[in-house]
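Undergrad: Here is how the chains run, residue by residue.
2 protein chains.
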Amino acid sequence: MSVTLPGPTLGIVGGGQLGRMIGESVARLGVEVVVLDPTPDCPASPVVSDQIVGGFDDPEAIRELASRVDALTFEIELTDPDLLAEAAADHDVPVHPDPDTLRTIQDKLVQKEALVDAEIPVPEFVAIATADGLKRVVEEYGGVMLKAREGGYDGRGNVPVQDPDDAADALDEIGGAAMAEQLLDFEREIAVMGLKGTDGEIRTYPVTETIHREEILRESVAPARTDDAIVAEAESVARDVLGVLDGRGVFGIELFETRDGEVLVNEIAPRPHNSGHWTIEGARTSQFENHVRAVLGWPLGPTDLVAPSVTANVLGDVEETQSATLRNVDAVLEAAEADFHWYGKADVRPLRKMGHLTATLVDDSDAGTAGESDRDALLSRTRALRDELTFISE
Amino acid sequence: MSVTLPGPTLGIVGGGQLGRMIGESVARLGVEVVVLDPTPDCPASPVVSDQIVGGFDDPEAIRELASRVDALTFEIELTDPDLLAEAAADHDVPVHPDPDTLRTIQDKLVQKEALVDAEIPVPEFVAIATADGLKRVVEEYGGVMLKAREGGYDGRGNVPVQDPDDAADALDEIGGAAMAEQLLDFEREIAVMGLKGTDGEIRTYPVTETIHREEILRESVAPARTDDAIVAEAESVARDVLGVLDGRGVFGIELFETRDGEVLVNEIAPRPHNSGHWTIEGARTSQFENHVRAVLGWPLGPTDLVAPSVTANVLGDVEETQSATLRNVDAVLEAAEADFHWYGKADVRPLRKMGHLTATLVDDSDAGTAGESDRDALLSRTRALRDELTFISE
Chain A
1 MSVTLPGPTL
11 GIVGGGQLGR
21 MIGESVARLG
31 VEVVVLDPTP
41 DCPASPVVSD
51 QIVGGFDDPE
61 AIRELASRVD
71 ALTFEIELTD
81 PDLLAEAAAD
91 HDVPVHPDPD
101 TLRTIQDKLV
111 QKEALVDAEI
121 PVPEFVAIAT
131 ADGLKRVVEE
141 YGGVMLKARE
151 GGYDGRGNVP
161 VQDPDDAADA
171 LDEIGGAAMA
181 EQLLDFEREI
191 AVMGLKGTDG
201 EIRTYPVTET
211 IHREEILRES
221 VAPARTDDAI
231 VAEAESVARD
241 VLGVLDGRGV
251 FGIELFETRD
261 GEVLVNEIAP
271 RPHNSGHWTI
281 EGARTSQFEN
291 HVRAVLGWPL
301 GPTDLVAPSV
311 TANVLGDVEE
321 TQSATLRNVD
331 AVLEAAEADF
341 HWYGKADVRP
351 LRKMGHLTAT
361 LVDDSDAGTA
371 GESDRDALLS
381 RTRALRDELT
391 FISE
Chain B
1 MSVTLPGPTL
11 GIVGGGQLGR
21 MIGESVARLG
31 VEVVVLDPTP
41 DCPASPVVSD
51 QIVGGFDDPE
61 AIRELASRVD
71 ALTFEIELTD
81 PDLLAEAAAD
91 HDVPVHPDPD
101 TLRTIQDKLV
111 QKEALVDAEI
121 PVPEFVAIAT
131 ADGLKRVVEE
141 YGGVMLKARE
151 GGYDGRGNVP
161 VQDPDDAADA
171 LDEIGGAAMA
181 EQLLDFEREI
191 AVMGLKGTDG
201 EIRTYPVTET
211 IHREEILRES
221 VAPARTDDAI
231 VAEAESVARD
241 VLGVLDGRGV
251 FGIELFETRD
261 GEVLVNEIAP
271 RPHNSGHWTI
281 EGARTSQFEN
291 HVRAVLGWPL
301 GPTDLVAPSV
311 TANVLGDVEE
321 TQSATLRNVD
331 AVLEAAEADF
341 HWYGKADVRP
351 LRKMGHLTAT
361 LVDDSDAGTA
371 GESDRDALLS
381 RTRALRDELT
391 FISE
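In order, the protein sequences belong to chains A and B.
When we follow the working numbering, the leftmost residue of the first sequence carries the number 1, and every step to the right adds one.
When we follow the working numbering, the leftmost residue of the second sequence carries the number 1, and every step to the right adds one.
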């Protein structure tokens, strides 16, 4: 296929920060973007051509989106795969990744079963139907992560349970179909952003280290501060995972590195992912640009590291929802190594993802040889910059 | 001043490719942008919050723009400095650079006189009133560049005259107030993007080499392939020029390097400039982001080189105006070292600037030590990629 410009129009279900960063990354390539999102003036809205205001699973809105674009994708899992497939077929536009893959991923139990079928290593897991069942599993595994099978994100829908007596409360908190995974005493969490292009082409970004607190990603360090054998194993597992998934696009593959040196799959996202935000500054082509290239069937961009990078999320540090004003941004603007990303959300809520900053090692001569101590220092500096930022007025 | 987000709203007179690249560069900083441009769906329009459709010197449109923003700037010289100053004062918003500086720069004769007053080296020049006068100057200088005093850009309004008998025709072609500059037998053309911040802070980007044909910029090479003494002199001249200009922002300073090793000022643009497009990929902070930071009174970003870079302009290769479809974009997308920028212009005209591509030296280990031969090769590869692109259907 010969690419011509002006480029195609891409429809995205979801217009949050991922849609916004997609829009920011592909304007220069002449790709027009239309997003579908229920929130008027959603984060993506100011940087894309148009927004359809409607629900992620509103049949009419999805049909309208399909009718206006040349290709469809999604930046959120909360859309209906059947509606997406149907609208795409009706309007004869491709949709990527494949809605079947979205369906598999949406149900965390089905997702894990698909991985097991493909002999991909995962933590021990089991479906949970009753509090008694959960209690027995907690006793057997010595602690579990109880997960809502559908709809969880950013820590919502994930409840660690270590005391069998907490089983009933935990299941109430989930409030729906659940599964339990063995709580691992892992060495660290890592992630691989993987990329599927045309004709089965697969690329991966350098392995990223992800640091969570309260089940929410706080910082990412790329490349991960781990040994070469783990890196090789993580890449190998990521390629196996990509082999199981259908359709083109970027996939976020979250992994555990166990204390025994094993790499197990935690979760998969069929879209750009928070653990790949560092690729905007730190890789030759960002995950956002490459997602669009892949979805459109364009040549993929190189995924090579440009410079070791640390991303720190800026989360809502407020007690309750309020109008968002972020303070003390000066220090971030003054820092030579940091780039700030504001997501354009009108309201701040406790722990809501409001923006991020990425710091890259600026001295090029270090890039090839940067050791762990450089990344330790970069992580400390990035955290310190991030921690100056606040939504709370004095 | 403490910076808070969401950021201020910036009004830009002009919504061409410069406005577009400004919009692309500052969305992530939470700066909202409104442009004023007479062309509906102007290049900037898809990437900014809103466009006011109106003339660059339409008093009502400029007043409307001023009423809706927190700060004003311009990306084109074709606006009226008095209207801009008045609207800014009426609505109590800052405007940068200073409209007085715009007024000085708009008239190339006044611009040159201001430089001479500040003892900044420029080519010999003289005001031209009649064809006879021009004829005598051509004889005296042994060839001149005849320039329209106002309104010229991209080669329009510049006519080289080497034969005294061509004087009358050349003056007719200019068709208005004119000046003549001695045609220099220069070694090369170079440029410095300069930056003025708050409290008189001045920064410069690495000296760029600019390659013109038919008075239109075709390629830029950064850093310039010239010797250290010229680089030092160019930076010194650029700092002197910035000292003459009032207000904050980015200024494009075009220079001649003569065969005698002198550096003379050719022209000044009070805005981001084509010779600084490479800074998007090749410098720590792009000229577009730094222009906005400066105009808003924010801390300036570092202007350091990230990697040696070459920008090649994509100009209309058609014989007459037609609807724009750029072909053979695949090769650019496939090139690991190249980033493409499409300006979103609906029509292509002969030699119209339609986009550009920037290639950077991707092997980081070369960045510190890249010699001229690396940049020669990078220039060749970038030109070859650019030359594959065409608006002509087979």
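These are calculated hints, taken from the structure and not from any lab test.
In this text the structure is predicted, and so the values were computed from the model without any measurement.
Possibly wrong hints are sitting among the right ones.
A pair holds if it fits inside one copy or across any two, identical chains being indistinguishable in the list.
Said to hold, decoys possible - In the SDA-like style, the derived pairs of lysine to any residue whose C-alpha atoms are separated by at most 25 Å in a straight line are:
1) K353 x S236
2) K353 x S49
3) K353 x E140
4) K353 x P8
5) K135 x R349
6) K135 x P81
7) K353 x T9
8) K353 x D117
9) K353 x G247
10) K135 x K353
11) K135 x R352
12) K353 x D169
13) K135 x R375
14) K135 x T390
15) K353 x R188
16) K353 x S2
Undergrad: Tell me the hint numbers this structure goes against, listed in increasing order.
TA: Checked against the structure, the hints that fail are numbers 1, 3, 5, 6, 8, 9, 10, 11, 12, 13 and 14, while the rest are satisfied.
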